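Put chain B on the given structure of chain A with help from the hints.
Protein chains: 2
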Amino acid sequence: MKATNIHTTFDRLLKRADKEALLNQKSCCLWMTGLSGSGKTTIAQGLEKKLHVDGYLTQVLDGDNIRSGINNNLGFSLADREENIRRIAEVTKLYVNSGLITINCFVSPTIDIRNMAKEIIGEADMLEVFVNTPLEVCEARDVKGLYKKARAGEIKNFTGIDSPFEAPVSPAFELKTDNQTVEESVQTLYDFVISKIKLNK
Amino acid sequence: MKATNIHTTFDRLLKRADKEALLNQKSCCLWMTGLSGSGKTTIAQGLEKKLHVDGYLTQVLDGDNIRSGINNNLGFSLADREENIRRIAEVTKLYVNSGLITINCFVSPTIDIRNMAKEIIGEADMLEVFVNTPLEVCEARDVKGLYKKARAGEIKNFTGIDSPFEAPVSPAFELKTDNQTVEESVQTLYDFVISKIKLNK
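These protein sequence lines map, in sequence, to chains A and B. Numbering of the first sequence is given in my numbering, commencing with residue 1 and proceeding in unit increments. Numbering of the second sequence is given in my numbering, commencing with residue 1 and proceeding in unit increments.
It is worth saying that the hints were derived from the structure and are not from the lab. Keep in mind the model is a prediction, meaning the values are calculated, not measured. Some clues are possibly wrong.
Because identical chains share one entry, a pair is satisfied inside a single copy or across any pair of copies.
To be verified - Calculated pairs, BS3-like style, for lysine-lysine (alpha carbon to alpha carbon, straight line, at most 25 Å): (1) K198 / K148; (2) K149 / K198; (3) K49 / K156; (4) K50 / K26; (5) K156 / K196; (6) K198 / K49; (7) K196 / K118; (8) K144 / K15; (9) K26 / K49.
Isolated chain A (complex conformation) (with noise of 0.2 Å):
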């Protein structure tokens, strides 16, 4: 028995609710949204080891856990991407339904996408975050070489080039990233979250 305060009713299946509480946490979705070189994934990644040491359980999904497996069978297409983000949506929904506090990192660049992700995660449990750094400063860093191929034409529709990024009307929250340490974009962040996914008793 490694917990003894664990109240359940054994007469219906178990909810949200129940691991919710089982993880002392309450679940749901920062998604994550930039241009590429943003810092999305660095920023996640430092905030899921400052909520781990807390013992908060997440889950970051990006690119690579994700266009590796669930939609390795994906292209880039319009219709791909949509499906991509599609099915992210699906799996953010049944990670929230687990109670995990999942940390979402992909450009999804337009209002269109990012909505069709809401609808299916539900409004309340996705809070959009931007994270606002300038296109200069990301093609600048070009941390894996795709803005140069974008700008040779070797890379058609990238975002940022010859692809619109739409940014949000009103994110839940916004990073801008340019005057600001990977440490501190982490701990402003951190601040932010902290109070939505605390449990209140």
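Chain B only, in chain A's frame:
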């Protein structure tokens, strides 16, 4: 601060082992295979409740939350059935990496299709549980009325009627449910699984 006994090295990404430590459990997938009406989901839900009382974090994955969500754009063609199981396996892999115990309830009638799941999830992490209930018993129950429709020819390729079920050759566990109450089945599966998910420190 929720917990004070979590030790994390700050210079690397969180790993599955960190999350298992936080949850105080070893993650894995219990893959329940068996005919429609064999009792997979009923037993899974009973097991989940029992494990929850002990403080284990689990997630039942079944037709209800998968076919209505991530797989709502798939039909029942051979290709779609395969894609159905592929996506389920990929979702399971994510969950296992998040430290959870998933309890998967899918007919998954062929050795090939379960092997595909095993390749994705990893053989060590996927415990095949054969819910071995005789066809006559499943058909007599016919909770969803599907056997009646299959016998009337209204549903084609129904497992057990006009489509084969290939029993696992060496399942990790076999449940013979026809001489057991649901509670007894849940208890015997619990007794099997508990040693697998206890974290050895």
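Tested hints:
With identical chains, the CA atoms of K198 and K148 are never at most 25 Å apart, being 43 Å at best within one copy and 50 Å at best between copies. In this assembly of identical chains, K149 and K198 lie within 25 Å of each other by CA distance neither inside one copy nor across copies; the values are 43 Å within and 49 Å between. With identical chains, the CA atoms of K49 and K156 are never at most 25 Å apart, being 35 Å at best within one copy and 50 Å at best between copies. In the homo-oligomer, the alpha carbons of K50 and K26 lie at most 25 Å apart both inside one protomer (16 Å) and across protomers (22 Å), since each shortest distance falls under that limit.
Taking the shortest alpha-carbon separations for K156 and K196, neither the intra-copy value of 39 Å nor the inter-copy value of 49 Å comes in at or below 25 Å. In this homomeric assembly, K198 and K49 come within 25 Å of each other (Cα to Cα) both inside a single copy, at 17 Å, and across copies, at 24 Å. Within a single copy, K196 and K118 get their C-alpha atoms as close as 17 Å, which meets the 25 Å cut-off; across copies the closest is 37 Å, which misses it. In this assembly of identical chains, K144 and K15 lie within 25 Å of each other by CA distance solely across copies; the values are 23 Å between and 41 Å within a copy.
Taking the shortest Cα distances, K26 and K49 sit within 25 Å of each other both inside one copy (17 Å) and across copies (20 Å).
Checked against the numbered hints given earlier, the structure breaks hints 1, 2, 3 and 5 and satisfies all the rest.
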